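Going by the UniProt record's numbering, the first residue of the sequence shown is number 1, and it counts up by one from there.
One or more of the hints may lead you astray.
[Claimed, not checked] For lysine to any residue, the following SDA-like pairs were computed, each having C-alpha atoms within a straight-line distance of at most 20 Å: (1) K16 - I142; (2) K21 - I33; (3) K23 - T168; (4) K16 - S35; (5) K16 - L90; (6) K23 - F114; (7) K201 - S234; (8) K23 - V110; (9) K88 - L262; (10) K88 - L165; (11) K201 - P230; (12) K21 - F31; (13) K21 - I118; (14) K21 - K88; (15) K23 - I33; (16) K16 - L149; (17) K263 - F94; (18) K16 - S102; (19) K16 - M99; (20) K88 - K201; (21) K201 - L165; (22) K16 - L28; (23) K263 - I91; (24) K263 - T168; (25) K16 - G139; (26) K21 - M38; (27) K21 - R93; (28) K263 - K21.
[Claimed, not checked] Restraint ranges, calculated between C-beta atoms of paired labels, are given here: (29) T264 - P228: 32 to 38 Å; (30) K16 - T264: 35 to 41 Å; (31) G89 - I51: 46 to 52 Å; (32) W233 - I129: 33 to 39 Å; (33) P228 - S136: 38 to 44 Å; (34) P228 - G131: 17 to 23 Å; (35) V247 - L165: 21 to 27 Å; (36) Q194 - T240: 19 to 25 Å; (37) K88 - D54: 49 to 55 Å.
Everything labelled a hint here was simulated from the structure, so no lab data went into it.
Note that this is a predicted model, so its numbers are computed, not measured.
The beta carbon of each residue, even a glycine, is placed where N, CA and C say it ideally should be.
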Amino acid sequence: MSSVAYAVSDGLTITKRNLLKIKRVPDLIVFAILSPIMFVLLFVYVFGAAIPLDGISYAEFLLPGIFAQTIIFGASFSGLSLAEDLQKGLIDRFRSLPMARSAVLVGRTVADIFINVISVVVMSITGLIVGWRITSSVGEAILGYVLLLLFGFAISWLMAVFGMLVRTPEAFNNASFIVIFPLTFIANTFVPTQGFPAVLKAIADWNPISSLVQATRNLFGNTAPGLPVPDVWSLQNPVTYTLIWLVGFLLVFIPLAVRVYLKTSTR
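Make a model of the complete structure from these sequences and hints.
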């Protein structure tokens, strides 16, 4: 068996181990599912009436934003799990085994994709119940889902680096919220950015989360002539801009995560 085949086999073994861990601790997946449902219901029924939009329901405007926010939260499982494994000494144990050095990181980030798939399916069903509809073609809708999952996979590597740098899982939780909330709220996730102060609007317009949300809105057909027309390149070409960020995250954080993994020791 070639070295690549060994790496893939070892990575799949660690992926299976991480998925079995979720099965044995179902609270993890339960809260991962309940959280986006809560966001959908709160924003649609509490804030939706206060955010009028021309030609489109707030549920159709909101769901792509909630999808993006949820896959970012789902990606944080990588960092949290690695922080826990480091604290318990499991990473040192893995490094002592005759397995590919990339297996732990690949297995962790691939497991996040499965978690995000479950979350996206549950959110889609919840969205359909509250009035969200896909009005584009089947092919465009599939591309929208694929883009979301690939972006979540790329963010998993960023979170993996954070998880190995902090000292405890509790510290990772606090640090991840500090990163995730500004990223998802200073964006077009929940409201159009035209009402933002100038500085925040500029940040939101070039925020990769905004382009991810805009791309999925376009691919799901959740746009309307009455919505503000983007006046910046990033939102006029959201799929291209999102793919640039996605590739950039992978190119930077995969080698960085492997480097940190090899140097990190049990706390």
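We went through each hint and held it up to the structure:
no. : hint                    : in the structure
1   : K16 - I142              : violated (25 Å)
2   : K21 - I33               : holds (16 Å)
3   : K23 - T168              : violated (23 Å)
4   : K16 - S35               : violated (24 Å)
5   : K16 - L90               : holds (16 Å)
6   : K23 - F114              : holds (12 Å)
7   : K201 - S234             : holds (13 Å)
8   : K23 - V110              : holds (16 Å)
9   : K88 - L262              : holds (17 Å)
10  : K88 - L165              : holds (15 Å)
11  : K201 - P230             : holds (11 Å)
12  : K21 - F31               : holds (15 Å)
13  : K21 - I118              : holds (16 Å)
14  : K21 - K88               : holds (15 Å)
15  : K23 - I33               : holds (14 Å)
16  : K16 - L149              : holds (19 Å)
17  : K263 - F94              : holds (13 Å)
18  : K16 - S102              : holds (15 Å)
19  : K16 - M99               : holds (15 Å)
20  : K88 - K201              : violated (43 Å)
21  : K201 - L165             : violated (31 Å)
22  : K16 - L28               : holds (16 Å)
23  : K263 - I91              : holds (11 Å)
24  : K263 - T168             : holds (17 Å)
25  : K16 - G139              : violated (30 Å)
26  : K21 - M38               : violated (25 Å)
27  : K21 - R93               : holds (17 Å)
28  : K263 - K21              : violated (25 Å)
29  : T264 - P228: 32 to 38 Å : violated (45 Å)
30  : K16 - T264: 35 to 41 Å  : violated (23 Å)
31  : G89 - I51: 46 to 52 Å   : holds (49 Å)
32  : W233 - I129: 33 to 39 Å : holds (36 Å)
33  : P228 - S136: 38 to 44 Å : violated (20 Å)
34  : P228 - G131: 17 to 23 Å : holds (21 Å)
35  : V247 - L165: 21 to 27 Å : holds (23 Å)
36  : Q194 - T240: 19 to 25 Å : holds (22 Å)
37  : K88 - D54: 49 to 55 Å   : holds (53 Å)
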